[in-house]
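From just these sequences and the hints, can you work out the full model?
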Amino acid sequence: MDKFNGQAISWTVQAGVIELSLHRSPCNELGSLSLQELEDFAGSLSQLESSAHALIIYSELKSGFCAGADLRELYERSQKLEKKEAVRGVRDFLERIHRVLNAIDASPLTTIAAVHGVTFGGGFELALACDLILADRTARFCFPELRLGLIPGFGGIPRLKRDLGNSVVRDLLLTGRSFNSTKAQQVGLVSQVVAEGEALRAARATAAQLGKFDRETAIAAKQFIKPIPDEELQREIDIFCDLFTKPAVEAGLKKFVESTDAQPYLP
Amino acid sequence: MPMTDQTLDEIMNLAAAHFKVPRENLSPDEDFFKALGIDSLQTLDLLTRLEHHFRVELPDYELQGVSDFRTLAAKIQARL
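The listed protein sequences derive, respectively, from chains A and B.
Counting along the first sequence from 1, when you hit position 210 you're at 210 in our numbering, and nothing is skipped either side.
Counting along the second sequence from 1, when you hit position 44 you're at 44 in our numbering, and nothing is skipped either side.
A portion of the hints provided could be inaccurate.
Said to hold, decoys possible - Derived lysine to aspartate or glutamate pairs resembling DMTMM-like cross-links, with alpha carbons at most 25 Å apart: (1) 255/A with 62/B; (2) 255/A with 31/B; (3) 183/A with 10/B; (4) 255/A with 68/B; (5) 255/A with 39/B; (6) 62/A with 29/B; (7) 183/A with 30/B; (8) 62/A with 5/B; (9) 161/A with 60/B; (10) 254/A with 10/B; (11) 226/A with 216/A; (12) 62/A with 60/B; (13) 75/B with 171/A; (14) 183/A with 62/B; (15) 183/A with 31/B; (16) 222/A with 2/A; (17) 254/A with 73/A; (18) 161/A with 57/B; (19) 183/A with 57/B; (20) 20/B with 39/B; (21) 20/B with 198/A; (22) 254/A with 57/B.
Claimed, not checked - Computed footprint of chain B on chain A, listed as stretches where at least three residues anywhere in the stretch have a Cβ under 8 Å from a Cβ of chain B: (23) 29 to 39; (24) 132 to 142.
These are computed hints drawn from the structure, not numbers from a lab.
Ideal Cβ placement from N, Cα and C applies to all residues, glycine included.
If you want it as structure tokens, here you go:
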């Protein structure tokens, strides 16, 4: 299937470039619907890879790239279940999203996240699965999970640690503060910063350039330089599930979901 | 114009222009969430624009509870 129009995501293939767009209001929160459609995409990847050299992931929404996991859905589902069952559900969700992100991470395609606005939590982790992050000036990156009593659960820490210095990882993780695009480029997270609204255009130009290279060489280069941190990814799921049983998490989720604060996205 | 007043003025100019609110409707001590009619995602947008404009980093947690332009200006001034 080289074209798909879903409720949360869509994709097309043109001139060897797969464009995966996110378009679930309000800010592409990743819940069960998005996961299902992302799984469909990951399932189609091996077929798509035969006719493409690059993948661009971007958001169609003005609000941003992706605000992360759908915390409202997570909270509401957890409330209906016994603790043990809720943790099982969370583990299942994490294992499924990890399979999707691992497929994108290890894909022989050269992958580009073209981001703008809010790129938080799971959205940040989706971008981190890509080979390159191109950001417009409005982009903002953050791991706010600690305020919920959690750690990032979609592979964020191992992938960030693979890409950046440990002190930057600690800053993002332990303070929960957000970085703008300039800061993100300074620390090596973002490869290009462009004017507002220009990230997709820049990603397309980059993808067109990548199409000039020998595919086998590009694939060999990527495999050599970008190992998948499998062990740490698994450990992350275990730690997340352990933490999820703590009372602080329920309180943190409740506070977020019920908040009328104008700043609920600020850690 | 003292430095903080200039910062304050620039913040209100930027916010008014970006969120399309008449500049004369904004005053230093009013609640900017209400005055600008912005939600949490737009607040982050404002934060990003202010950081770029003043070339500063504003850790989110320093802005917790800040809701008026004057205090925001003081926070920015402290990082210039």
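Okay, the hints, checked on the actual structure:
1. 255/A with 62/B: holds, 20 Å
2. 255/A with 31/B: holds, 22 Å
3. 183/A with 10/B: holds, 22 Å
4. 255/A with 68/B: Since the Cα atoms of residue 255/A and residue 68/B sit roughly 24 Å apart, the hinted pair holds (cutoff 25 Å).
5. 255/A with 39/B: holds, 17 Å
6. 62/A with 29/B: violated, 30 Å
7. 183/A with 30/B: violated, 30 Å
8. 62/A with 5/B: Since the Cα atoms of residue 62/A and residue 5/B sit roughly 32 Å apart, the hinted pair is violated (cutoff 25 Å).
9. 161/A with 60/B: Measuring from Cα to Cα gives roughly 22 Å; hence the hint holds.
10. 254/A with 10/B: violated, 37 Å
11. 226/A with 216/A: holds, 15 Å
12. 62/A with 60/B: Given pair residue 62/A, residue 60/B holds - Cα atoms ~21 Å apart, limit 25 Å.
13. 75/B with 171/A: Measuring from Cα to Cα gives roughly 20 Å; hence the hint holds.
14. 183/A with 62/B: With a Cα-Cα distance of about 17 Å, the restraint between residue 183/A and residue 62/B holds, given a limit of 25 Å.
15. 183/A with 31/B: violated, 28 Å
16. 222/A with 2/A: holds, 24 Å
17. 254/A with 73/A: holds, 11 Å
18. 161/A with 57/B: At roughly 22 Å apart (the allowed maximum being 25 Å), residue 57/B and residue 161/A satisfy the hint.
19. 183/A with 57/B: holds, 8 Å
20. 20/B with 39/B: Distance ~15 Å between residue 20/B and residue 39/B Cα, so the pair holds.
21. 20/B with 198/A: holds, 22 Å
22. 254/A with 57/B: Judged against 25 Å, a Cα distance of about 30 Å means the pair is violated.
23. 29 to 39: violated (count 0)
24. 132 to 142: holds (count 5)
The structure shown violates the earlier hints numbered 6, 7, 8, 10, 15, 22 and 23.
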